[in-house]
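Residues in the sequence shown are numbered from 1 upward in steps of one, following my numbering.
Be aware that one or more of the hints could be misleading.
Within a straight-line C-alpha distance of at most 30 Å, the following computed DSSO-like cross-link-like pairs (lysine-lysine) qualify [claimed, not checked]: (1) Lys146 - Lys170; (2) Lys85 - Lys156; (3) Lys202 - Lys243; (4) Lys78 - Lys204; (5) Lys156 - Lys113; (6) Lys82 - Lys170; (7) Lys216 - Lys202; (8) Lys174 - Lys204; (9) Lys146 - Lys85; (10) Lys82 - Lys228; (11) Lys146 - Lys204; (12) Lys204 - Lys82; (13) Lys204 - Lys85; (14) Lys243 - Lys204; (15) Lys113 - Lys216; (16) Lys243 - Lys228; (17) Lys82 - Lys202; (18) Lys113 - Lys78; (19) Lys216 - Lys228; (20) Lys78 - Lys202; (21) Lys204 - Lys113; (22) Lys170 - Lys113; (23) Lys156 - Lys170; (24) Lys174 - Lys82; (25) Lys85 - Lys174; (26) Lys78 - Lys228; (27) Lys216 - Lys204; (28) Lys146 - Lys174; (29) Lys204 - Lys228; (30) Lys202 - Lys85; (31) Lys216 - Lys85; (32) Lys228 - Lys202; (33) Lys113 - Lys174; (34) Lys174 - Lys156; (35) Lys113 - Lys85; (36) Lys78 - Lys174; (37) Lys156 - Lys146; (38) Lys216 - Lys243.
Rather than coming from a laboratory, the hints here were simulated on the basis of the structure. Owing to the predicted nature of the structure, the values given are computational and were not obtained by experimental measurement.
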Amino acid sequence: MNSKLYQPHHHLLLLPFSLFLLFIKFLPCSSFDWYNNCRNRFNCGNITNIDYPFWGGGRPEGCGHPDLHLLCEGSQTKIHIKDVKYNVLAIDQDAQTLQISRDDFWDGLCSPKFPNTTFDPNQFEYSPIFGEIILLYDCAPDPPWKFSCPGRSAHKFGFITIGVTTWTCKSNLKVGIRRSSFDHIMDPSAMLEALREGFEVKYKMVDMGLCGECTKSNGVCGYNWDTKQPNCYCAGHYVSTGKTCPPPSSPPTGQKADDEIGTIPNFFLSVLYFVFTFNFNF
1 MNSKLYQPHH HLLLLPFSLF LLFIKFLPCS SFDWYNNCRN RFNCGNITNI DYPFWGGGRP
61 EGCGHPDLHL LCEGSQTKIH IKDVKYNVLA IDQDAQTLQI SRDDFWDGLC SPKFPNTTFD
121 PNQFEYSPIF GEIILLYDCA PDPPWKFSCP GRSAHKFGFI TIGVTTWTCK SNLKVGIRRS
181 SFDHIMDPSA MLEALREGFE VKYKMVDMGL CGECTKSNGV CGYNWDTKQP NCYCAGHYVS
241 TGKTCPPPSS PPTGQKADDE IGTIPNFFLS VLYFVFTFNF NF
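Let the hints inform the model, and build the full structure from the sequences given.
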């Protein structure tokens with residue numbers, strides 16, 4: 001009889017455990033020191049002193065835009081854009097430009113591993129002196145000029161052109177290159193060298209003016225991946241609700257992570273006390 005009366009409350013015993021998991025989930029996030037972590041700079045090989053809007057290395061996710069993740073492989077900086085892996089040759093943060101080259105053309109023209117070089121126009125655009133060429137492989141009829149591929153490659157031969165083609169080919173690929181190289185499309189060696197030199201794109205997905213306002217107020221720029229809006233991290237674990245940090249003499253306009261943390265254990269213990277009192281009284 002007593003067991004039947006008590007049984008409906010068994011599920012309440014799961015509540016403390018669930019709350020404990022919730023507490024663990026939110027505690028590290030709330031106590032994380034974004035201000036100091038996002039002051040770290042990315043350094044790899046000849047790419048040095050890089051900060052917002054990039055992240056990677058010692059810069060956690062919230063320090064930059066999701067699509068500007070830098071990787072360091074050996075001493076070479078890499079970035080993935082639209083499923084294509086690029087070598088990062090230079091970054092000009094003042095001009096908001098990246099000079100990049102496709103990783104799969106470093107060893108030759110015949111074995112591309114990635115799809116077309118394509119960009120979301122709202123995020124990247126070619127700098128004016130750069131454009132696209134088309135590499136075509138195993139076409140019929142034979143093009144007037146072509147380059148042969150070694151036996152170990154995925155193709156027998158290929159050729160390079162600009163714009164629309166009339167050939168039927170097994171595969172084709174668009175790649176960025178300096179426009180001055182267009183005159184050398186019949187010279188495979190010159191084109192390979194041009195591909196290795198890469199091309200320049202302007203990144204447009206962030207408003208660096210807002211970051212400037214944040215840094216002028218002694219804040220550190222970051223990015224909220226959930227709201228897709230920039231963050232301004234302030235000293236003392238504050239995340240500004242505006243775009244700037246308050247002056248030292250003013251009360252903070254943001255929310256302090258430490259204040260959030262203080263309320264979580266108290267709430268957790270209160271609910272825990274209620275659950276056990278309720279169960280054992282019945």
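Against the structure, the hints come out as follows:
Proximity of Lys146 to Lys170 is assessed by CA-CA distance (about 15 Å); at most 30 Å being required, the pair is judged to hold. For the suggested pair Lys85 and Lys156, the alpha carbons sit about 24 Å apart, so the restraint of at most 30 Å is met. Of the supplied pair hints, the one linking Lys202 and Lys243 holds, its CA atoms being roughly 24 Å apart against a limit of 30 Å. Between Lys78 and Lys204 the alpha-carbon distance is near 19 Å, which keeps this suggested pair within the 30 Å criterion.
Straight-line distance between C-alpha atoms of Lys156 and Lys113 comes to about 16 Å, which keeps the hinted pair within the 30 Å bound. The hinted pair formed by Lys82 and Lys170 meets the criterion: a straight-line CA distance of about 22 Å does not exceed 30 Å. Simply put, Lys216 and Lys202 have alpha-carbon atoms about 24 Å apart, close enough for the 30 Å limit, and the pair holds. Among the hinted pairs, Lys174 with Lys204 is consistent with the structure: their alpha-carbon atoms are about 22 Å apart, no more than 30 Å.
In summary, the hint linking Lys146 to Lys85 is supported, as the alpha carbons are separated by about 26 Å, within the 30 Å threshold. The hinted pair formed by Lys82 and Lys228 meets the criterion: a straight-line CA distance of about 19 Å does not exceed 30 Å. For the proposed pair Lys146 and Lys204, the alpha carbon gap of about 37 Å is over 30 Å, so the pair is violated. Annotation: proposed proximity of Lys204 to Lys82 holds, straight-line Cα distance about 15 Å (limit 30 Å).
For the hint pairing Lys204 with Lys85, the CA-to-CA distance comes to about 19 Å; that is within 30 Å, so the pair holds. A hinted pair counts as satisfied when its Cα atoms are at most 30 Å apart, and Lys243 with Lys204 qualifies at roughly 19 Å. At most 30 Å may separate the alpha-carbon atoms for a hinted pair to count; Lys113 and Lys216 exceed this at roughly 44 Å. For the suggested pair Lys243 and Lys228, the alpha carbons sit about 14 Å apart, so the restraint of at most 30 Å is met.
Only pairs whose Cα atoms come within 30 Å are accepted, and Lys82 paired with Lys202 is accepted, the gap being roughly 15 Å. Taking the CA atoms of Lys113 and Lys78, the gap is near 15 Å; set against the 30 Å cutoff, the hint holds. With a C-alpha separation of about 22 Å, the suggested pair Lys216 and Lys228 falls inside the 30 Å cut-off, and the hint holds. Between Lys78 and Lys202 the CA atoms are separated by roughly 16 Å; this keeps the pair inside 30 Å, and the hint holds.
With a C-alpha separation of about 27 Å, the suggested pair Lys204 and Lys113 falls inside the 30 Å cut-off, and the hint holds. Proposed proximity of Lys170 and Lys113 is supported: the alpha carbons are some 15 Å apart, at most 30 Å. The suggested pairing of Lys156 with Lys170 holds, with an alpha-carbon distance near 11 Å, which does not exceed 30 Å. The straight-line distance between the Cα atoms of Lys174 and Lys82 is roughly 13 Å, inside the 30 Å bound, and the hint therefore holds.
The straight-line distance between the Cα atoms of Lys85 and Lys174 is roughly 14 Å, inside the 30 Å bound, and the hint therefore holds. Taken as a hint, the Lys78 and Lys228 pair is honoured in the structure, with Cα atoms around 23 Å apart against an allowance of 30 Å. Only pairs whose Cα atoms come within 30 Å are accepted, and Lys216 paired with Lys204 is accepted, the gap being roughly 22 Å. Straight-line distance between C-alpha atoms of Lys146 and Lys174 comes to about 17 Å, which keeps the hinted pair within the 30 Å bound.
At roughly 14 Å between alpha-carbon atoms, Lys204 and Lys228 fall within 30 Å of each other, so this suggested pair holds. For the hint pairing Lys202 with Lys85, the CA-to-CA distance comes to about 17 Å; that is within 30 Å, so the pair holds. Simply put, Lys216 and Lys85 have alpha-carbon atoms about 35 Å apart, too far for the 30 Å limit, and the pair is violated. Note on Lys228 and Lys202: the hinted pairing holds, with a Cα-Cα distance of about 20 Å set against a maximum of 30 Å.
Proximity of Lys113 to Lys174 is assessed by CA-CA distance (about 13 Å); at most 30 Å being required, the pair is judged to hold. Only pairs whose Cα atoms come within 30 Å are accepted, and Lys174 paired with Lys156 is accepted, the gap being roughly 19 Å. For the given pair, Lys113 sits about 9 Å from Lys85 by alpha-carbon distance, which is consistent with the 30 Å threshold. At roughly 20 Å between alpha-carbon atoms, Lys78 and Lys174 fall within 30 Å of each other, so this suggested pair holds.
A distance of roughly 10 Å separates the Cα atoms of Lys156 and Lys146; the hinted pair therefore holds under the 30 Å criterion. Restraint check for Lys216 and Lys243: the C-alpha separation of about 10 Å stays at or below 30 Å, so the hint holds.
Hint check: violations occur at hints 11, 15, 31; the rest are consistent with the structure.
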